[in-house]
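**Q** Each chain, letter by letter, is given below.
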Amino acid sequence: MAMQFMLLFSRQGKLRLQKWYVPLSDKEKKKITRELVQTVLARKPKMCSFLEWRDLKIVYKRYASLYFCCAIEDQDNELITLEIIHRYVELLDKYFGSVCELDIIFNFEKAYFILDEFLLGGEVQETSKKNVLKAIEQADLLQENRIRITARVSMGGLRKNLY
Amino acid sequence: MPAVSKGDGMRGLAVFISDIRNCKSKEAEIKRINKELANIRSKFKGDKALDGYSKKKYVCKLLFIFLLGHDIDFGHMEAVNLLSSNRYTEKQIGYLFISVLVNSNSELIRLINNAIKNDLASRNPTFMGLALHCIANVGSREMAEAFAGEIPKILVAGDTMDSVKQSAALCLLRLYRASPDLVPMGDWTSRVVHLLNDQHLGVVTAATSLITTLAQKNPEEFKTSVSLAVSRLSRIVTSASTDLQDYTYYFVPAPWLSVKLLRLLQCYPPPDPAVRGRLTECLETILNKAQEPPKSKKVQHSNAKNAVLFEAISLIIHHDSEPNLLVRACNQLGQFLQHRETNLRYLALESMCTLASSEFSHEAVKTHIDTVINALKTERDVSVRQRAVDLLYAMCDRSNAQQIVAEMLSYLETADYSIREEIVLKVAILAEKYAVDYTWYVDTILNLIRIAGDYVSEEVWYRVIQIVINRDDVQGYAAKTVFEALQAPACHENLVKVGGYILGEFGNLIAGDPRSSPLIQFDLLHSKFHLCSVPTRALLLSTYIKFVNLFPEVKTTIQDVLRSDSQLKNADVELQQRAVEYLRLSSVASTDILATVLEEMPPFPERESSILAKLKKKKGPSTVTDLEEAKRERSVDVNGAPEPAPASASAASTPSPSADLLGLGAAPPAPTGPPPSAGGLLVDVFSDSASAVAPLAPGSEDNFARFVCKNNGVLFENQLLQIGLKSEFRQNLGRMFIFYGNKTSTQFLNFTPTLICADDLQANLNLQTKPVDPTVDGGAQVQQVVNIECVSDFTEAPVLNIQFRYGGTFQNVSVKLPITLNKFFQPTEMASQDFFQRWKQLSNPQQEVQSIFKAKHPMDTEITKAKLLLGRSSDLGQHSLKKLILTLQTLWALASSTPKPPRLDACCVWSRICKLRCTGSRCAQARTLFPRGYVTYCRSSFNPMQAVGLCVLFPCVSATLGDHTAHSTMEHLSTCTSSLGPGRGWDTKGLLTGTTAGLPVQGGPGSMKSRQPVVQSTN
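Chains as they are written, first to last, in numbering that gives the first Met the number 0: chain A, 0 to 162; chain B, 0 to 1018.
Only chain A is shown next, with the shape it has when bound in the complex (with noise of 0.2 Å):
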């Protein structure tokens, strides 16, 4: 059982974020993205978050602005992919502080390391939040300057669907 991708995109169709477990073409990568990005926004809040596309399995969960999203095999659990999702958005949450979608613009590489951290080749690798975080901080530690990001604007953050 192993993820085949996620993508993180926003309500206006914008992709934040892309990590594939898969080796894919460049081409075929945004046709993918393309076309789930469509069918995912085109559904109703109420709907179920898994839905069965190609031979996958969908299971997305929107914060605030931002769509998750991942591709999990035919075998694989539902439930625990989106909670998978749900425990990546407390990492960035954690680490940002309110995490909200101009974070993940503005420090996009930040993102990609804690999901490094949390997810590697498609699977598991660590849940516990401190364990993840702490390896992360290590790294701030060394970095001597820190500046503002004064393009940051209140987004609300994805905070409000979290607690």
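Errors might be hidden in some of the hints.
To be verified - Below 16 Å or equal to it, Euclidean Cα-Cα: the simulated EDC-like pairs (lysine to aspartate or glutamate) are:
1) B/K742 to B/D776
2) A/K45 to B/D380
3) A/K93 to B/D245
4) A/K45 to B/E378
5) A/K129 to B/D245
6) A/K45 to B/E340
7) A/K29 to B/D70
8) B/K222 to B/D271
9) A/K133 to B/D161
If you are wondering where the hints come from, they were derived from the structure by calculation, not from laboratory data. These figures come from a predicted structure and were not determined experimentally.
Could you slot chain B onto chain A? The hints should help.
**A** For chain B alone, coordinates are given in the frame of chain A:
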């Protein structure tokens, strides 16, 4: 809210991202990006060496641009440089770039692998982690080649940090998935299994994924993981929610690990009793917890808890051995069916589908039928409704089929377009599979067409016609029902097709009722004609010509219709041609010919339902097959009776297409003797020696067939003996020379060839021979002469049995002697009228044989012709020959009765056949080569593939007419036809002479050559 960006802010990057976000249009964005790309390129190419920070910043910008969806074709080298930086953040960005923009440049890969190697050897856990993440993200074959040997060592080394172990385990998993051949198995595998006992739950979590995948491929090697996994799982499910600290997720202890462990256990059958008891306890605990009140109102709590529960249910279903657990699982899912969470309802429906295929829980699943039907009606989400349809399909058996099919049909009226076709297929399959009463089946399918005609694929309406034709108990009902359905002012075209076909076949069954008299039937169909597409109109035209045969009273009405300009001058060539041909056929052919040409369709050979095949294709082969297989087995168990088998029922009444008709394939009537090695002992006790015949020698069948048209050759050969034949026949007498050759250097002793005629054959065939010398020297040949007299017609061939001693062993060989009725045929001159007169007398049902067969080979005319002439008739199917000849005659009658051929009439068709346009698909060939009207009657317009066999023969025969091979073709035809045989009451000689007389032989009045110019000019 803290407004501080954590980590290493890169101001330039932030500014660039802001710029991009501020772009008002796509063009502006591209402009800004191109400007940045030019800037970065000049920086990278500049003379001034860039510091690490700038390099990192620019590489990061390139990455951002790439992730926006633009192509990046440079910067790889700079990223690789970053890998060897000592600063963690620079290294990190380098690795990120490499992971996202994998490049197959071999020089770069060498450099990257080098950097990874250094980091792996650095013993710095954060650097090792980065390197392992990079390998896992890229997962290419080159990386597997470089590191697949190294990583297992890191994984099992005692001094490796936990976090590195976790990365190493999943990194190895990724490499194993991509290139399993490159990951060497070894002692590390047993140590990996013991990671299940590791103290660090993160390590266990990562290792379980690796072990699961490895165990799937090498179950034996990882068998010990079962007991370890069970004990780990047991410790988790019994722990208090605080025991596992940070690994407890919303009061659920280690849900991810639990799911993975349950998954691992699904690679194996139920474990040994000791372990099994513990596992059952675990599963019961998980089921019990589902009943406890939730510890938190958060959806995360229930999701995590239920994720474990669903995985546990999957394991229970996988083991399929504990009825108690299966029923509990089913009840639990039953509760979820009415849960307020859509997700749970969806998953419960999905999970129940698999539960329905277990014999233990099938009945329990069935109790939820009302809930599922309700879900179908009330769920607002189409994906949930889809699951409900799947579940209804899975839980269907004979007891509830009528209810389920009715519900599916009523749902179909409002179903989403996206799933209609699938529902249609499912309804069609269930209706057929569980039909006890076929009138119900017909009603169901007609309803299906009425409700969702657009989604009824060809397969579905083909199938209903196949079934109606094969089951005569339902034909009258079907005719009545379609007739009524067609009364609707607007009916779907598929209904017109079914209606047209069925009334064309069985309209006579309801014609007695004045409300559905022939004329009314015709008017009803014709009222739909103009609204239909070309293929349907073509079908209707065939129905009309069938009506001409069924109801002579409407003949003129139909001829008027066919004669109208809208038909005869139709722009569509297919319709025009049908109209022209049918019109001619109806006016020139006698009622007898019409009755033969347009007779009722014979039953279809039974085969797998084409609809099921289609559903399988749609859903992927695995799921449906498994389910079907499982259901089939189960329904035998549960219902205590096999499924109804319309297939076998109708097959029994269908004349078998096997070679039995010819008697070629039949075993010799004599009882089978003992195996040669048993000697004569048993034979002497139980029977007289004459019947102590060996079973027919293998391969002799083929040889026999070859002799149907040949008189000389080798009949049999093995390592010891060769039997050759020479024969001649004249009138009712024949003489056959049999040559026995001893292929060895040793003498055959007690050599006794015996001719055996079955009882009924003895009366018809008189064989006389002299005994041969009982000793055959090594390398010698002995000749035996057989005088043959044909007294009356016969079907079976005599058997030649040879017994002798070779060395110490007794040998016994039997072969069929190729004395067939056709050897005694002689040509007779006869005028065509005389022939047809005799032909028409052959009207008893027993006097006709027809079988439809598929061509086994592609249609290569030259090969087919050669085969035909060589007489390998078994390839082509001799049974169709009567029909073929009949068709030839009908054609000939048409051709010769038309002095001035109008455009596209039979003569033109004739020429088309002769042109042998062998291009395109087989179906296309068949259509091109074979005139439509006659194709209809051998029902190929319904399924052209079936007629191909016939069509293969047809052009070959017609092509040979008029040239010097015509005679041998005729000879062959006669041979084949004869083997259909007088046993069935045929007048063989009449047929033969009629055939030759009726067909255009060289120089005859209707020879091809004289016709050709006419054809060309009209074409």
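**Q** If you draw a straight line from the CA of A/K93 to the CA of B/D245, is it 16 Å or shorter?
**A** 14 Å, holds
**Q** Within a Cα-Cα threshold of 16 Å, do B/K742 and B/D776 meet the stated pairing?
**A** 10 Å, holds
**Q** Sort out whether B/D380 lies within 16 Å of A/K45, counting only the CA atoms.
**A** Within the cut-off at roughly 8 Å; holds.
**Q** If you draw a straight line from the CA of A/K129 to the CA of B/D245, is it 16 Å or shorter?
**A** 7 Å, holds
**Q** Check whether the Cα positions of A/K45 and B/E340 lie no farther apart than 16 Å.
**A** OK: A/K45 and B/E340 at ~9 Å, within 16 Å.
**Q** Is it true that the CA of B/K222 sits at most 16 Å from the CA of B/D271?
**A** Holds, at roughly 11 Å.
**Q** Just to be careful, I want the Cα atoms of A/K45 and B/E378 compared with a cutoff of 16 Å; is the pair within it?
**A** 11 Å, holds
**Q** Against the 16 Å threshold, does the CA-CA distance of A/K133 and B/D161 hold or violate the hint?
**A** 13 Å, holds
**Q** Holds or violated: are the alpha carbons of A/K29 and B/D70 at most 16 Å from each other?
**A** With Cα atoms ~12 Å apart, A/K29 and B/D70 stay inside 16 Å; holds.
When held up to the earlier numbered hints, the structure conflicts with none and fits them all.
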